[in-house]
Amino acid sequence: MLRRIKLYHVPCQNRSAHLSCFYDEAHLCICDNFGDQRLANCIEFNHQMKLDCFGQNACQNGAECFQDNRICPQTSMCVCPRCFYGVRCQFSTHGFSLSLDAILGYHIQPDASILNQPSPVQVSIAVSTIMILIGFVNGILSLITFRNKTILKFSSGFYLLWSSLTTLITVIIWTLKFWILIGIQTGFISNQSFLYVQCVLVDFVLRIGLNMNQWFNACIATDRAILTMKGINFDQKKSKKMAKYIITGLFIFTIMTSIHDPIHRRLIDDENDDEKRIWCTLAYSQ
244 MLRRIKLYHV
254 PCQNRSAHLS
264 CFYDEAHLCI
274 CDNFGDQRLA
284 NCIEFNHQMK
294 LDCFGQNACQ
304 NGAECFQDNR
314 ICPQTSMCVC
324 PRCFYGVRCQ
334 FSTHGFSLSL
344 DAILGYHIQP
354 DASILNQPSP
364 VQVSIAVSTI
374 MILIGFVNGI
384 LSLITFRNKT
394 ILKFSSGFYL
404 LWSSLTTLIT
414 VIIWTLKFWI
424 LIGIQTGFIS
434 NQSFLYVQCV
444 LVDFVLRIGL
454 NMNQWFNACI
464 ATDRAILTMK
474 GINFDQKKSK
484 KMAKYIITGL
494 FIFTIMTSIH
504 DPIHRRLIDD
514 ENDDEKRIWC
524 TLAYSQ
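Under this note's numbering, the first residue of the sequence shown carries the number 244, and numbering increases by one thereafter.
Check the hints yourself; a few may be wrong.
[As the list claims (entries may be wrong)] Calculated cross-link-like contacts (lysine to aspartate or glutamate; reagent style EDC-like; alpha-carbon spacing at most 16 Å):
| hint | residue 1 | residue 2 |
| --- | --- | --- |
| 1 | Lys249 | Glu287 |
| 2 | Lys519 | Asp354 |
| 3 | Lys249 | Asp267 |
| 4 | Lys396 | Asp478 |
Source of the hints: derived by calculation from the structure; they are not laboratory data.
Turn these sequences into a full structure, and let the hints steer you where they fit.
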């Protein structure tokens, strides 16, 4: 071992390698400049050490935790595994899906009014307000249109009516989610009971609304395909009756397939650099 360590200066002196550090099974070596030479500074390092801040690990998703002092730590830091990020590694990029919290959350400045927020936040508010207004008007007009008795004689009319209703509800819930996020991150909303209830319910209801809307689109396409194939033999009354059962069944099915979401929702406190934030995250058991 000693004979091998004597040669550890060689990799550091190899200019083509541009090494800043390297390690073996028992040591961690840093390449430092000493005068006009580049030498290895090696220390013993236990690669099997459990990095969990000595049992006080607040990191999420299996992240490693480091403290500045073993006896009396003042700060800690999380090193995230691949595809996770955030101060506590609470956000994930799995599945190419980005939540509103992950996109906008860290841009929002605590204890600052909307007018004093950074440009990304103000632009997001402006764009979201326009989208919300368009979505709300579209939902109202669609409801008025598809409540027509002539349209409701057909099963596809029922699907279109319910699709319009779920779209309107989704727009309303998304509006609540957006402004609740602004309120939480600016410190305007701090009631723990309210925070927990919205954490559990808002994303759950939003998920149901989005999924139901997709199902209704599929039902409309299927209904029209059957109508095209059967032509004059299409039983309109039977199809309309079936549509009511299908809508009820889809609603129950969507709730059952999404029920895992509120069960695993958790609030976590994120304190870093004199900033205190509260995040709503999914915490599945490892």
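Taking each numbered hint in turn, which are not upheld by the structure, reported in ascending numerical order?
none
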